[in-house]
Amino acid sequence: MAYSDKVIEHYENPRNVGTFDKGDEEIGTGLVGAPACGDVMRLQIKVKDGVITDAKFKTFGCGSAIASSSLATEMIKGMTLEQAETIKNTQIVEELNLPPVKIHCSVLAEDAIKAAIDDYKKRHAR
Amino acid sequence: MAVQLPIFMDNHSTTPVDPRVVETMVPYFTTMFGNAASRNHVFGWTAEAAVEAARGQIAALIGGEAKEIVLTSGATEADNLAIKGVASFYRKQGNHIVTLETEHKAILDSCKRMQREGYEVTYLKPGKDGLVTPEQVAEAVGPKTLLVSIMLANNEIGVVQDLAAIGAAIKAKNPKTLFHSDAVQGAGKVPIDVHEMKLDLVSLSAHKMYGPKGVGALWVRRKPRVRLDPMIDGGGHERGMRSGTLAVPLIVGFGKACELAAAEMETEALRMRALRDRLYRGITSQLTETYVNGSMERRLPGNLNISFAFVEGESLLMALKDVAVSSGSACTSASLEPSYVLRALGVGDELAHTSIRFGLGRFNTEDEVDYVVDLVVKSVNRLRELSPLWEMHQDGIDIASIQWTPH
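Here the protein sequences line up with chains F and X, keeping their order.
Numbering-wise (the working numbering), the first sequence opens with residue 10 and increments by one.
Numbering-wise (the working numbering), the second sequence opens with residue 756 and increments by one.
Errors might be hidden in some of the hints.
Stretches of chain F that chain X covers, calculated by requiring three or more beta carbons in the stretch to come under 8 Å of a beta carbon on chain X [said to hold, decoys possible]:
#1 23–34
#2 52–64
#3 100–110
Calculated cross-link-like contacts (lysine-lysine; reagent style DSSO-like; alpha-carbon spacing at most 27 Å) [as the list claims (entries may be wrong)]:
#4 F:K97 / F:K31
#5 X:K1076 / F:K15
#6 X:K978 / X:K847
#7 X:K953 / X:K839
#8 F:K97 / F:K86
#9 X:K1133 / X:K1076
#10 F:K65 / X:K978
#11 F:K15 / X:K1133
#12 X:K953 / X:K928
Just some of the chain F residues that point at chain X, by a computed CB distance under 10 Å [to be verified]:
#13 Y12
#14 S13
#15 V16
#16 I17
#17 Y20
#18 K67
#19 F69
#20 G87
#21 D120
Since the hints were made in silico from the structure, they are not lab data.
Even for Gly, the Cβ is constructed at its ideal location relative to N, Cα and C.
Take these sequences, add in the hints, and give me the full structure.
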């Protein structure tokens, strides 16, 4: 399968790779997917006053999965939690020109964003 | 170190045609273009003589006779003809077929079709090493078993079955059961003797052994005579088993490819093994958490199938963009399922997704192997830095203990 230039670009130069301390107050962590399915994404957000000031990811998966999560971290930086919650996988599909068989990668990235926000909210619900 | 890119290391999928093979084919496209079935002029006779010579070369590779070669469009057709043709012809004598879970789809799908037509099929499960034991096969054979089909070498993991022992076990259990082997991957690489292996039918393909695409053969034993119902009716070519005008230039090339493979097998096997071992050592001495799939001892000299834990196969293929190899990862298949071969071996899906198949061939060099080793090591390390699973593994977290959400 031929990859789009944008997928290749993100795959070769992934943005925001790394790990935040899970225990940190300002951090929310989303871990989605399964090794047996061939993709696992971990996306973390750093939140200050309801705004995502930083994001990091690590992904086990195909090039499109890596590109989707890399793009997702770029998109949410600077957004409020409410704004980030409205991100749809179709935005990622469009931006990366993902073919139909790779749409699940964008869905997983959307799930990862939501999971990270949920985690942050749960930890601050008390 | 001067390597030319891209590097082809996917010789199980196909092989380039050897220039010596091309050379023998060329005249049969232009000046000697006759129809081998034309009995009344020199063009036909020349073509027929060339085809007969090629049959001899093909048969010699497996210890058979020229007259026993049924030429086909390739091994998929040969496999179909063997399974369906035998099952149909002998249906009054039984209804049972035995095969292996790790066979090529041409065998498995033919067997499934026969099931839909009322035959019973036993799919044997190989061991963790990819090998089936003669005892396992014998146990599955009964009085109603028409045919056993066991491949010589596997196309993904390269493991080589012990056909001589399996053939003996089949015949001891039921002398009437016919024994077929899809020998596509092994032919020309490891020795085959149809008599020693007690084979009745053998499928071969030219393009896996430096011959042209579009031609293959089914060897069908004459003594004692093995019969089958044809699938293609027409002019009664190939002793009535496969009608259709013979592709003379392709057949001539197939013959030459077999001759070369037979002549060079011994030295070439040593060279392949040395390259493969260099590849294996280069990778495993620099990377941890790698797992070879299938037996290392009984394996084609040019095959290495290895899982790189925590690195998804397709993403690794993407990093190896100037190197043609293949992966058992689901992402590389249309079905989105990881390799059924690795699954049959009991390899977990998470490791199957990380497998890469290297298929070394006649035209690979030591420099190419060294280049690939460096690239693989560099790429796996980079992708592991990107992998949350690798990080968890480094932190001592058991990946299996996590509640994953399959999607």
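Hint numbers not upheld by this structure, sorted from lowest to highest: 2, 3, 10, 14, 20
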